[in-house]
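Chemist: So the protein lines, in turn, are chains Y and C.
Reading the first sequence from the start, the letters are residues 1 to 357 in the working numbering.
Reading the second sequence from the start, the letters are residues 358 to 724 in the working numbering.
Keep in mind the hints are simulated off the structure, nothing from the lab.
In this text, all values refer to a predicted model and were calculated from it rather than measured experimentally.
No residue lacks a Cβ here, since even glycine has one placed at the ideal position from N, Cα and C.
Hints are not guaranteed to be accurate.
[Said to hold, decoys possible] Straight line, CA to CA, 25 Å or less: simulated DSS-like cross-link-like pairs of lysine-lysine:
1) C:K641 with C:K504
2) C:K540 with C:K506
3) Y:K166 with C:K707
4) Y:K114 with Y:K295
5) C:K641 with C:K600
6) C:K723 with C:K641
7) C:K407 with C:K506
8) C:K681 with Y:K166
9) Y:K179 with C:K677
10) C:K682 with C:K485
11) Y:K166 with C:K407
12) C:K576 with C:K540
13) Y:K149 with C:K707
14) C:K682 with Y:K166
15) C:K460 with Y:K166
16) C:K407 with C:K681
17) C:K707 with C:K529
18) C:K636 with C:K723
19) C:K407 with C:K624
20) Y:K112 with Y:K295
21) C:K485 with Y:K174
22) C:K596 with Y:K174
23) C:K504 with C:K596
24) C:K707 with Y:K181
25) Y:K189 with Y:K174
26) C:K485 with Y:K149
27) Y:K149 with C:K529
[Claimed, not checked] From the derived model, a few chain Y residues whose C-beta atoms are all more than 12 Å from chain C:
28) I11
29) P97
30) V100
31) W104
32) I108
33) F178
34) E234
35) G324
[Said to hold, decoys possible] Pulled from the structure, derived: some chain C residues nowhere near chain Y, Cβ distances all over 12 Å:
36) K421
37) K504
38) K506
39) L527
40) K602
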Amino acid sequence: MRLLQKNIVPIVFIVLCTIGFHYSGLSWMFFANDLMTRLARNSFLVISLIIPVLAGMGLNFGIVLGAMAGQFAAFITVVYNLTGITGFFLACVLSIPFAVLFGWLTGILFNKAKGKEMITGLILGFFANGLYQLVCLIFIGWIIPISNKALLLPSGIGFVNTLDLKIWQYAIDKFYVFKLKGITTPLLKYLNNINFPVLTLIIVALLCTAVYLLFRTKLGQDFRAVGQNRHIAEVAGIKVDRVRIIAVIFSTVLAAWGQLIFLQNIGNVQVYGSHVQVGTFAVAALLIGGASVSKATIGQALLGTVLFHALFIVSPLAGKNIMGSAQVGEYFRVFVAYGVIGIALALHAWQRLTKKE
Amino acid sequence: MRRFTRVLFAVALVLALGTVAFAAPKIGIMTGTVSQGEEEYRAGEEMVAKYGADRVIHVTYPDKFMDEQETTISQVMAMASDPEVKAIVICQGVPGTAAAIDKVREVRDDILFLIGTVHEEPYMMAGKADLLFEIDQPARGTSIVEKAKEMGAKTFIHYSFPRHMSYPLLAKRREIMEETCKKIGLEFVFVNAPDPTGEGGVAGSQQFILEDAPRQVEKYGPDTAFFSTNCSMQEPLIKSVVKTKAIYPEQCCPSPFHALPNALGLKVENKGDVPYILKAIEEKVAELGMQGRIATWTAPITMNFIRAGAEYAMDFANGKFEDKKDIQRAKFTLEKVAGAIRIRAFDDEKAPNFLMVVGESIIFGKK
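Full structure from sequences and hints, please.
Modeler: What follows is the structure, given as structure tokens:
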């Protein structure tokens with residue numbers, strides 16, 4: 001019973017996904033491959049949320065700024081035509097200065113708004129989006145010269161709304177693709193014919209290990225100490241504000257890389273839209289995995305990514321088939337997907353209450 | 358006896374092959390829901406009714422298509438995962454369409470893609486999809502302004518927001534409008550409205566239009582023509598125009614069914630009956646004393662994109678022709694459903710498969 005109560009959110013989602021999958025009429029192979037692709041392109045972003053959670057800053061909606069940093073780096077590689085896997089990793093390197101700067105500024109702001117980091121981060125995302133549009137739509141081609149006119153709007157000022165990233169699409173996803181074949185063991189046979197993007201998965205695994213190891217270093221312990229109680233940490237001689245800023249910078253840099261991994265899979269960048277949803281979706285995925293605003297693990301991040309995207313794959317068609325109309329399917333999907341995220345938050349509150357009792 | 362068995366075997370074989378070969382090919386149609394644009398969705402339904410639910414798969418892209426591109430991609434992928442689907446029509450081609458086409462092409466390169474109303478960069482899209490239908494936005498840059506002048510406008514107000522101004526065709530149209538205004542002596546005013554996909558949502562931008570349009574009339578007088586680039590703003594805009602006796606030359610997506618009936622309080626039972634709706638609007642406009650102040654196109658253009666697109670796609674799926682980019686056939690199909698329209702290629706050399714359309718105009722109550 002305790003176990004059930006503790007994991008109620010993921011359990012609700014597993015049940016929903018199973019029902020949804022049944023009604024969607026999708027083939028297992030399509031579902032599994034789509035899920036694998038989505039897991040590979042999103043898990044990095046979700047994991048980037050863990051450090052601020054453990055440092056007591058709640059869910060960092062500010063990763064939108066990290067995504068912007070990643071996109072700025074992507075634009076540079078497009079302008080200078082840096083191709084292939086080198087282009088991709090160069091983009092990762094180029095994103096660091098942007099992300100560190102944005103993370104540092106976000107950190108300073110969060111320190112001024114202690115205890116309200118989540119709402120601050122959310123609004124900061126909107127504000128940053130305005131600045132981002134100003135840069136991409138007005139400064140590009142006017143203050144910042146771009147030699148390749150094909151990337152600009154007809155007036156020569158501002159990026160066009162979609163930039164093709166063919167130059168490094170699948171740089172890491174298709175570096176080595178592994179496909180299982182001919183397995184006959186009853187349960188494992190469902191793994192046949194799924195394309196595993198090996199390098200991407202290795203990178204995600206490396207990140208998981210790095211985060212795990214980080215919390216065993218002095219800095220990691222500082223994060224935890226600050227997360228548990230700011231005042232005690234302060235008394236113990238930890239520079240709380242500095243540690244918090246470092247946590248946000250880590251998160252922002254990781255989000256920038258996560259966004260680049262996302263983009264190299266999608267293959268083009270919506271200059272004015274790709275980053276907008278990053279914060280809310282990553283946060284939703286983490287919550288669904290059973291994390292809360294004060295506690296999150298790598299396992300929860302990965303499980304959450306799987307469940308969130310599984311629901312998004314099956315729900316449109318399940319909705320359509322259950323309701324018998326394409327658009328009711330869409331409304332149903334929105335209702336279920338966002339409704340359960342709301343429920344997830346409510347269930348967390350309920351869990352906390354029962355714990356107190 | 359042996360001969361009989363052989364004949365029987367041959368017949369069985371022919372039948373078996375026949376069922377495989379004639380397993381009815383399907384097409385997929387992806388539209389928005391009614392909250393984004395009712396016309397496309399209804400046209401999609403119409404196609405399901407016309408060809409049968411076993412031949413047409415109709416799905417929708419998310420209302421928040423800017424935020425949920427992954428859902429758009431998955432929806433298109435799910436259609437393509439059905440081996441009988443031979444062609445997919447997407448209208449409107451919201452952001453995410455380019456990525457979706459790429460993903461499908463990786464697994465199946467036999468599928469025909471036909472896109473109506475292209476949101477993403479035109480040259481890139483022309484390289485990805487087989488055929489594209491779009492309203493001729495640059496040509497409308499001159500035609501709308503000239504029509505506004507004909508209707509008596511002295512000022513031309515253009516409502517839009519940065520995200521739309523990042524669409525190359527819309528940005529170009531705005532420039533052309535500004536030039537044309539200068540040339541024929543109208544004052545061009547660009548007014549920035551809130552983005553309906555932003556924090557305020559559709560309600561926020563609608564409210565802005567309801568409040569701002571009367572303000573502008575107060576400033577520039579009733580001989581002001583109003584134009585907005587966004588679908589959800591049309592209804593409040595028409596209401597404000599009627600209230601202030603201003604001028605409304607055309608919707609963003611010109612059609613007698615788009616926003617006009619709702620804004621004027623008309624009941625539409627059949628979304629395909631063009632003569633009926635034209636007459637109803639004409640009467641209502643006269644009743645409101647707005648003769649010569651409201652105009653649109655006679656043909657619902659995005660509905661026709663879907664109708665023509667579905668017909669072209671179905672013919673392709675049925676094996677009536679092989680060349681996916683049969684431009685002559687596409688033009689012919691579009692003319693067949695839409696009537697008097699002008700079609701030209703976006704770029705004859707680099708994007709001949711990107712077809713742009715201008716329809717016929719009607720000014721209601723004009724003597």
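Chemist: Starting from K723 of chain C, check that the Cα of K641 of chain C is at most 25 Å away, please.
Modeler: Holds - the C-alpha atoms of K641 of chain C and K723 of chain C are around 13 Å apart, at most 25 Å.
Chemist: Run the distance test for K114 of chain Y versus K295 of chain Y: straight-line Cα separation, threshold 25 Å.
Modeler: Roughly 18 Å separates the two Cα atoms, so the pair holds.
Chemist: Measure nothing beyond the straight line between the CA atoms of K166 of chain Y and K407 of chain C; if it is 25 Å or shorter, mark the hint as holding.
Modeler: violated, 39 Å
Chemist: Holds or violated: K576 of chain C and K540 of chain C, Cα atoms, limit 25 Å.
Modeler: Roughly 23 Å separates the two Cα atoms, so the pair holds.
Chemist: Need the status of pair K485 of chain C, K149 of chain Y: alpha-carbon distance at most 25 Å?
Modeler: Status holds; Cα separation ~20 Å.
Chemist: Minimum Cβ separation between K506 of chain C and chain Y greater than 12 Å?
Modeler: holds, 24 Å
Chemist: K149 of chain Y and K529 of chain C: Cα distance at most 25 Å?
Modeler: holds, 15 Å
Chemist: Please verify that the nearest CB of chain Y lies beyond 12 Å from K602 of chain C's CB.
Modeler: holds, 34 Å
Chemist: Measuring Cβ to Cβ, find out whether K421 of chain C lies farther than 12 Å from everything in chain Y.
Modeler: K421 of chain C is in fact no farther than 12 Å from some Cβ atom of chain Y, at 8 Å.
Chemist: Given the proposed pairing of K485 of chain C with K174 of chain Y, does the C-alpha separation stay at or below 25 Å?
Modeler: holds, 20 Å
Chemist: Would you assess whether I108 of chain Y, listed as outside the interface, keeps its beta-carbon beyond 12 Å of every beta-carbon in chain C?
Modeler: Answer for I108 of chain Y: holds, closest chain C Cβ roughly 24 Å.
Chemist: Would you mind confirming whether the straight-line C-alpha gap from K641 of chain C to K600 of chain C stays at or under 25 Å?
Modeler: Holds. K641 of chain C to K600 of chain C sits at ~14 Å (cutoff 25 Å).
In this structure, the earlier hints numbered 7, 9, 11, 22, 24, 35, 36, 39 are contradicted, and the remaining ones agree with it.
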